[in-house]
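Asks: Chains as they are written, first to last, in this note's numbering: chain A, 1 to 327; chain B, 1 to 327.
Quick caveat, the hints were computed from the structure, so don't treat them as lab data. There could be a bad hint or two in this list.
Copies of the same chain look alike in the list, so a pair counts if it fits in one copy or across any two.
[To be verified] Cut-off 25 Å, straight-line C-alpha distance, at most; resulting in silico cross-link-like pairs (DSS-like, lysine-lysine):
id : residue 1 : residue 2
1  : Lys262    : Lys317
2  : Lys273    : Lys262
3  : Lys273    : Lys317
4  : Lys317    : Lys184
5  : Lys273    : Lys184
6  : Lys184    : Lys278
Predicted model only: the values in this text are computed from it and were never measured.
2 protein chains.
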Amino acid sequence: MLLPLENITLIGAGTIGLSFAALHLRSSASSIITIYDPRPDLEAHVLSLLPNYLPPTHPPVPTLFSSGRLVLSPTLSAACTLSTDVVQEQGPESADFKTSLWPQIEALVSPSCHLWSSTSGIPASVQSSQMTNPGRLLVVHPFNPPHIMPLVEIVPSPTTPEVEVEVASYYFDRIGHSPVVIGKETTGFVANRLAFVLFREACRLVQQGVVRAEDVDRIVEGSIGLRWGIKGPFASYHDGGGANGLEGFLENVGRTVEDVWKEGEGPLEDGWKEMVVKQTESAYGPVSPQNFVERDRITRRVLEVIREEREAIAREKAQGDTASEEK
Amino acid sequence: MLLPLENITLIGAGTIGLSFAALHLRSSASSIITIYDPRPDLEAHVLSLLPNYLPPTHPPVPTLFSSGRLVLSPTLSAACTLSTDVVQEQGPESADFKTSLWPQIEALVSPSCHLWSSTSGIPASVQSSQMTNPGRLLVVHPFNPPHIMPLVEIVPSPTTPEVEVEVASYYFDRIGHSPVVIGKETTGFVANRLAFVLFREACRLVQQGVVRAEDVDRIVEGSIGLRWGIKGPFASYHDGGGANGLEGFLENVGRTVEDVWKEGEGPLEDGWKEMVVKQTESAYGPVSPQNFVERDRITRRVLEVIREEREAIAREKAQGDTASEEK
Chain A
1 MLLPLENITL IGAGTIGLSF AALHLRSSAS SIITIYDPRP DLEAHVLSLL
51 PNYLPPTHPP VPTLFSSGRL VLSPTLSAAC TLSTDVVQEQ GPESADFKTS
101 LWPQIEALVS PSCHLWSSTS GIPASVQSSQ MTNPGRLLVV HPFNPPHIMP
151 LVEIVPSPTT PEVEVEVASY YFDRIGHSPV VIGKETTGFV ANRLAFVLFR
201 EACRLVQQGV VRAEDVDRIV EGSIGLRWGI KGPFASYHDG GGANGLEGFL
251 ENVGRTVEDV WKEGEGPLED GWKEMVVKQT ESAYGPVSPQ NFVERDRITR
301 RVLEVIREER EAIAREKAQG DTASEEK
Chain B
1 MLLPLENITL IGAGTIGLSF AALHLRSSAS SIITIYDPRP DLEAHVLSLL
51 PNYLPPTHPP VPTLFSSGRL VLSPTLSAAC TLSTDVVQEQ GPESADFKTS
101 LWPQIEALVS PSCHLWSSTS GIPASVQSSQ MTNPGRLLVV HPFNPPHIMP
151 LVEIVPSPTT PEVEVEVASY YFDRIGHSPV VIGKETTGFV ANRLAFVLFR
201 EACRLVQQGV VRAEDVDRIV EGSIGLRWGI KGPFASYHDG GGANGLEGFL
251 ENVGRTVEDV WKEGEGPLED GWKEMVVKQT ESAYGPVSPQ NFVERDRITR
301 RVLEVIREER EAIAREKAQG DTASEEK
């Protein structure tokens, strides 16, 4: 039996912290979210940024303050108490900062409090090196922005007990996100590793004059991005292999796959960075906050219809099964 | 001035051929699609498969036959005539087959007929080697299934005149697809190259026990698939770099990116193929035709809402601009 986690403290009120605050607030009508950040303008900052992350029907931030559902904490010791269920950290990406932070937190919270870091790169085994019970800490790495994007990579250290992995997975699964447990601590975890190797090949092709940066974007949007947003690469290649599934796929196109792998080896030639930066800037101009608003609006709708269609398909299947049983 | 292309001959009635037939039929209410395939059961085959690719509101296949909009041709010479606007080939993926086919077609059609190959790997420069005017041929490589997926990679040979590239781009753009011109003939063109390098890293991580095959799928679906289906990698990293755009992104995470690239070098260890095949089969079981129906249903809806939201955003911007001008 896993208990709900309702008393959550966030360390760090950057965009990731506030996006998680919105997610945790939405997760339950009675959750209490405490935010600790040493910045002097914390209240004004939260009041200006957090509303962008909450759904329009959600109680507004001043109401959350007055009802006690959202608490700003001036000190670490007020934010981390014996009644805290989870401390989730998204402070500066510095091993020194995190390594010295966790023993302080460990001394303030109860032994049953769950300790999560949203780091994008510093493994739990490094962050926890000064803790009394280092196995307690695990990484819950989101894909930005976490209040919208479903993926949460759950990355335990080698000493993290299984139950901590289950608690974190259960929590994010229950609130409709997509937690995935990563078996070993690796540089960049998994999503970014996959993204970065594709990005390298994209930079290589741009540098070789095969394709322009903005055309790479249109190519990916109209093919593998769209496809893999609905059905990931292994499932898609399995579908694409005929009766023999993935094995058939690897037989049919294995030679081309291996040729591409061979050609894509080796470091990029000097000048690649300047070239892709120049093409990207000239295609898209300066980054505007409106970019995120538009991207997130489309993403929400896409997630909505994927969910709707999957539910409709499951319902139709269930009805079909009932119909056949009745025959 | 580019003329509409209404008289299109398809060589090869496999799934790609019939999917293109559906796309071309939808492109104009007066287009005439001729299909040549030596298979003896061609009519029964088209009657059974093509309806799956047409929208429910489209005239049914027997009506298309009786009205002359869909023509089945028993011979190449009946399929390729002086009134054919385009011949599009998706026969066997064999250089010998294609190389000997094109001179026959060239002798049948008018000099202004456009010649396209849907090949996924044999460049136009190879296919056209026996032609009188080899520059006429170019590759229009779709992402399967072409009646749904927007991408069409337009890959000219080094001798293809610019106007042939423009005609093909204009055609697919006008019917709502996403044609992208590839600057040089490369193994696998671009979309598959990008996909295959990501797939290699995925196989490596599965083999190393970092993640299971089905978890790779969930990771990609909930992060880069979803994101890149809406906004490709260069635009996304540009957004992610703060005020300095892509340059800022490369400064911030450049070290992790380079570390991942270094770790991802070198061939996969023996046994990777058996491992990913086994995990994929055990996760998804045998491939069923239902898989495609569900995938395509969700994909159509996702494309619909992406288009709706983009149009709404553009409308709101236009109204905003008008409003500011009125002030």
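Asks: Which hints from the list above does the structure break, by number from lowest to highest?
Replies: Hints 1, 3, 4 are the ones this structure does not satisfy, whereas the remaining hints hold.
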